[in-house]
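Student: For the protein sequence lines, the chains are A and B, in the order given.
Per UniProt numbering: the first sequence = residues 1 to 191.
Per UniProt numbering: the second sequence = residues 1 to 191.
Heads up, some of the hints might be wrong.
[Said to hold, decoys possible] Listed next, the in silico BS3-like pairs over lysine-lysine satisfying Cα-Cα at most 27 Å (straight line):
#: 1; chain 1: B; residue 1: Lys81; chain 2: A; residue 2: Lys21
#: 2; chain 1: A; residue 1: Lys95; chain 2: B; residue 2: Lys21
#: 3; chain 1: B; residue 1: Lys95; chain 2: B; residue 2: Lys160
#: 4; chain 1: A; residue 1: Lys95; chain 2: B; residue 2: Lys163
#: 5; chain 1: A; residue 1: Lys81; chain 2: B; residue 2: Lys141
#: 6; chain 1: B; residue 1: Lys83; chain 2: A; residue 2: Lys81
#: 7; chain 1: A; residue 1: Lys83; chain 2: B; residue 2: Lys95
#: 8; chain 1: B; residue 1: Lys2; chain 2: A; residue 2: Lys81
#: 9; chain 1: B; residue 1: Lys83; chain 2: A; residue 2: Lys21
Honestly, the hints are just simulated from the structure, not real lab data.
Protein chains: 2
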Amino acid sequence: MKLLEDRIRQDGTVLPGNVLKVDNFLNHQVDPQLMNQLGAEFARRFADAGITKILTVESSGIAPAVMTGLHLNVPVIFARKHKSLTLTDHLYTAKVYSYTKQVNNDISIDRRFLSPEDRVLIIDDFLANGQAVQGLLDIAKTAQIEVAGVGVVIEKRFQKGHKMVTDAGIQLEALASIAAFENNTVTFAED
Amino acid sequence: MKLLEDRIRQDGTVLPGNVLKVDNFLNHQVDPQLMNQLGAEFARRFADAGITKILTVESSGIAPAVMTGLHLNVPVIFARKHKSLTLTDHLYTAKVYSYTKQVNNDISIDRRFLSPEDRVLIIDDFLANGQAVQGLLDIAKTAQIEVAGVGVVIEKRFQKGHKMVTDAGIQLEALASIAAFENNTVTFAED
Chain A
1 MKLLEDRIRQ DGTVLPGNVL KVDNFLNHQV DPQLMNQLGA EFARRFADAG ITKILTVESS
61 GIAPAVMTGL HLNVPVIFAR KHKSLTLTDH LYTAKVYSYT KQVNNDISID RRFLSPEDRV
121 LIIDDFLANG QAVQGLLDIA KTAQIEVAGV GVVIEKRFQK GHKMVTDAGI QLEALASIAA
181 FENNTVTFAE D
Chain B
1 MKLLEDRIRQ DGTVLPGNVL KVDNFLNHQV DPQLMNQLGA EFARRFADAG ITKILTVESS
61 GIAPAVMTGL HLNVPVIFAR KHKSLTLTDH LYTAKVYSYT KQVNNDISID RRFLSPEDRV
121 LIIDDFLANG QAVQGLLDIA KTAQIEVAGV GVVIEKRFQK GHKMVTDAGI QLEALASIAA
181 FENNTVTFAE D
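Take these sequences, add in the hints, and give me the full structure.
Tutor: Below is the structure:
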């Protein structure tokens, strides 16, 4: 999506360790008009996928997920992050390791919001190692619901999340796909 | 806002201790169409307030804040919650006590996203004791920016947050204002 690639070139910063900082429009300060355009684009790409619900993880996934839900006219569920859970009878939970924060979290979704008839679309801001997406896939498996697609605003294609999702046979749509970082600039994948 | 009051009557649950559970449309599962309508209503009420930015706190404030930002055409900043912070030179921080979770958190906003010319609107899902809003007011004070308004989806008018905001001379708009809980049902304020 050219609009997004241009915005990343203009406003993104590449930090040491292949970290792309986009906190001025995506994950701390948020540009609502851009989120609306991203949501419309996700909705276009998954228009025929029969989506009934969108899943994301708090907090950075919420803005693009809610805009996608607006355009697909389906509810959005954001999984909650916890240190660790004791009483979990009413929750679906999964373990998620954060590479950036180097901590394990549980994520959870209330059981009453998922039913076997659901076909869900997972939306998140970033796909790198794919830990958050994997956690949502784990929850979907436990809840016996079908994951019809994964949509991410930005993917680092060279990290393992991309392969994990496509190897699972799930439609993956990244609105910007980073092929490499070179000399503190971003190279986008061509296709 | 009648639409929202009807939705609370229909889908909300009153739990012991005056807790209103609205996690099926506001703060776990989210109804994007409703969020869009709430955002449009906040935008209407603050149309003449000269807002340049919206502040909220992760996570439940993000959906209504981003929709309000869409309609007011301004950026949204969501403050991050932390256990406690050590390196904070580049951040504005404030302490926030959560009554529901009974923990102290720091919230923070990167300094480069606020400038003295800003006139901000604070948006959040709930106003009860007003701890989160107070934290954002503290940050605004440190950053020397003017708070032109506070918009909350649901307020419990009988708790101290309402008085705290209005006593500070700040325009407060609650889209649903709960006057009391009686026999596990909600009574809304008349005005």
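Student: Does each hint hold? Answer for all of them.
Tutor: Tested hints:
Pair hint B/Lys81 plus A/Lys21 holds up; C-alpha atoms about 19 Å apart against a cutoff of 27 Å. Only pairs whose Cα atoms come within 27 Å are accepted, and A/Lys95 paired with B/Lys21 is accepted, the gap being roughly 26 Å. As the CA atoms of B/Lys95 and B/Lys160 are separated by approximately 17 Å, the hinted pair is consistent with the 27 Å bound. This hinted pair does not check out: A/Lys95 and B/Lys163 have alpha carbons roughly 41 Å apart, beyond 27 Å.
Distance check on the hinted pair: A/Lys81 and B/Lys141 sit about 30 Å apart at the alpha-carbon level, beyond 27 Å; violated. Using a Cα cut-off of 27 Å, the hinted pair B/Lys83 and A/Lys81 holds, with the two alpha carbons roughly 14 Å apart. At roughly 20 Å between alpha-carbon atoms, A/Lys83 and B/Lys95 fall within 27 Å of each other, so this suggested pair holds. Our distance criterion of 27 Å between C-alpha atoms is broken by B/Lys2 and A/Lys81, whose separation comes to about 33 Å.
With a CA separation close to 22 Å, the supplied pair B/Lys83 and A/Lys21 stays within the 27 Å bound.
When the structure is compared with the earlier hints, violations turn up for hints 4, 5, 8 and for no others.
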